[in-house]
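Engineer: Sequence:
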Amino acid sequence: SDKNTIMQIAAEKIRELQSSQEELRKQNSELEAILAARRDEEVVEGAKIRFRVGNPSSGIDSMLSVLKCLKETGSETRAIQSSFSAQELSAVIEVQNKFGKYDQKRKSLGGPDHHGSYHGQIVATW
1089 SDKNTIMQIA
1099 AEKIRELQSS
1109 QEELRKQNSE
1119 LEAILAARRD
1129 EEVVEGAKIR
1139 FRVGNPSSGI
1149 DSMLSVLKCL
1159 KETGSETRAI
1169 QSSFSAQELS
1179 AVIEVQNKFG
1189 KYDQKRKSLG
1199 GPDHHGSYHG
1209 QIVATW
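For what it's worth, my numbering labels the leading residue of the sequence shown as 1089, then goes sequentially.
These are calculated hints, taken from the structure and not from any lab test.
Among the clues, some could well be false.
[What the hints assert, rightly or not] Derived DMTMM-like pairs (lysine to aspartate or glutamate); straight-line CA-CA distance at most 20 Å:
| no. | residue 1 | residue 2 |
| --- | --- | --- |
| 1 | Lys-1136 | Glu-1182 |
| 2 | Lys-1159 | Asp-1149 |
| 3 | Lys-1136 | Glu-1118 |
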């Protein structure tokens, strides 16, 4: 009789565990669907950013400022094509980023020149 009782209790526990296991599988599937939907909301966008800086005091500093701005937006730089001279720095930077929502960033580069004008402006729209 004790063996039968033990077997009945064990069988009931197994049924409870199987039921719990099935419930956990359902919850896991629901969570996976929610995560997949959230991943689909993230949009991978890219842009080519063109900029020119006239009479740069330091072309390297200007380029570093641009790259710092891109880093702040979380952008991944894919390609850089640049031209440096004493009269002008110009570049095209190809970037890619993930955004959960539409995002637009505007950053100013460098300080004013000797006339108080800002020549370096980067406008990146994704």
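Engineer: Now tell me if each hint is right for this structure.
Structural biologist: Each hint, compared with the structure:
{"no.": "1", "hint": "Lys-1136 with Glu-1182", "result": "holds, 4 Å"}
{"no.": "2", "hint": "Lys-1159 with Asp-1149", "result": "holds, 15 Å"}
{"no.": "3", "hint": "Lys-1136 with Glu-1118", "result": "violated, 39 Å"}
The earlier numbered hint that this structure contradicts is number 3, and it is the only one.
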